[in-house]
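Input sequences plus hints: build the corresponding full structure.
Residue numbers (my numbering), protein chains in the order written: chain W, 1 to 111; chain H, 1 to 115.
Derived by calculation from the structure, the hints in this document are not laboratory data.
Any given hint might turn out to be false.
[What the hints assert, rightly or not] Listed next, the in silico DSSO-like pairs over lysine-lysine satisfying Cα-Cα at most 27 Å (straight line):
id	chain 1	residue 1	chain 2	residue 2
1	H	K78	H	K68
2	H	K24	H	K68
3	W	K68	W	K54
4	W	K98	W	K53
5	H	K68	W	K98
6	W	K98	H	K24
7	W	K54	W	K98
8	H	K78	H	K24
9	H	K78	W	K98
[Stated by the list, open to error] So the derived list for chain W, only partly shown, Cβ under 8 Å to chain H, looks like this:
id	residue
10	H33
11	M48
12	I86
13	Q103
Glycine residues also receive a C-beta, built at the ideal position from the N, C-alpha and C atoms.
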Amino acid sequence: KNEVEQSPQNLTAQEGEFITINCSYSVGISALHWLQQHPGGGIVSLFMLSSGKKKHGRLIATINIQEKHSSLHITASHPRDSAVYICAVGAGGTSYGKLTFGQGTILTVHP
Amino acid sequence: DAGVIQSPRHEVTEMGQEVTLRCKPISGHDYLFWYRQTMMRGLELLIYFNNNVPIDDSGMPEDRFSAKMPNASFSTLKIQPSEPRDSAVYFCASSLRRSYNSPLHFGNGTRLTVT
Numbered sequence: 001k002n003e004v005e006q007s008p009q010n011l012t013a014q015e016g017e018f019i020t021i022n023c024s025y026s027v028g029i030s031a032l033h034w035l036q037q038h039p040g041g042g043i044v045s046l047f048m049l050s051s052g053k054k055k056h057g058r059l060i061a062t063i064n065i066q067e068k069h070s071s072l073h074i075t076a077s078h079p080r081d082s083a084v085y086i087c088a089v090g091a092g093g094t095s096y097g098k099l100t101f102g103q104g105t106i107l108t109v110h111p
Numbered sequence: 001d002a003g004v005i006q007s008p009r010h011e012v013t014e015m016g017q018e019v020t021l022r023c024k025p026i027s028g029h030d031y032l033f034w035y036r037q038t039m040m041r042g043l044e045l046l047i048y049f050n051n052n053v054p055i056d057d058s059g060m061p062e063d064r065f066s067a068k069m070p071n072a073s074f075s076t077l078k079i080q081p082s083e084p085r086d087s088a089v090y091f092c093a094s095s096l097r098r099s100y101n102s103p104l105h106f107g108n109g110t111r112l113t114v115t
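Written as structure tokens, this is what we have:
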């Protein structure tokens, strides 16, 4: 079993829909990262969180440490949101920087 | 800020040749990471440095891979000799560790093809 599991693996939506991508992990962490990778290949860090909830524009990320689960929500989705979304978990202390990645969720938003 | 700069963007080489990938982190960042991305295995950490010192290289696949960071503004990842299974996209990332919650900044990656 992978240490970081994302669901769904593929997601297709119509423009304007509310989207949720889930991430479950099985190891103790200090922080969880949500990354976005566009078809051109570049990777952008969307959020890093260790508790609660963060919001940036139409994107919202939540984490439940007790349940070892995080969600990434996109409100009013748009075709430009089409990308691969990757969850990664990081340990702290002397293991800072050792990220373990999920397999990614491929999101396609149709106009 | 120019962000993390990687070169070259694309590299095509023949099996057995030496390959050197380069990375310039964001100025002032104290952590530098090398990742590899393949279709089969996704993103994997190869090695990371803190203040130019290698901290964890357990992800380096084998002795053919080596990485150096001679100063705070430059790092290299070398593969010698290269093999077709090394074909992948190699990303460099840097961060500034103010706390455990420091975001990563990725370069655009180097797409390596070994024929």
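Consistency of the hints with the structure:
1. A distance of roughly 8 Å separates the Cα atoms of K78/H and K68/H; the hinted pair therefore holds under the 27 Å criterion.
2. Taking the CA atoms of K24/H and K68/H, the gap is about 12 Å. The hint holds against a cut of 27 Å.
3. As the CA atoms of K68/W and K54/W are separated by approximately 17 Å, the hinted pair is consistent with the 27 Å bound.
4. With a CA separation close to 23 Å, the supplied pair K98/W and K53/W stays within the 27 Å bound.
5. Restraint check for K68/H and K98/W: satisfied, since their Cα atoms lie roughly 18 Å apart, inside the 27 Å limit.
6. Restraint check for K98/W and K24/H: satisfied, since their Cα atoms lie roughly 20 Å apart, inside the 27 Å limit.
7. For the given pair, K54/W sits about 22 Å from K98/W by alpha-carbon distance, which is consistent with the 27 Å threshold.
8. For the proposed pair K78/H and K24/H, the alpha carbon gap of about 15 Å is at most 27 Å, so the pair holds.
9. Taking the CA atoms of K78/H and K98/W, the gap is near 21 Å; set against the 27 Å cutoff, the hint holds.
10. Interface hint at H33/W: satisfied, since its Cβ lies 7 Å from the closest Cβ of chain H, which is below the 8 Å cut-off.
11. The criterion of a C-beta within 8 Å of any C-beta in chain H is met by M48/W, whose closest approach is roughly 5 Å, and the hint holds.
12. Checking I86/W against chain H: minimum C-beta separation of about 7 Å stays under 8 Å; hint holds.
13. Checking Q103/W against chain H by beta carbon gives a least distance of about 5 Å; that is within 8 Å, so the hint holds.
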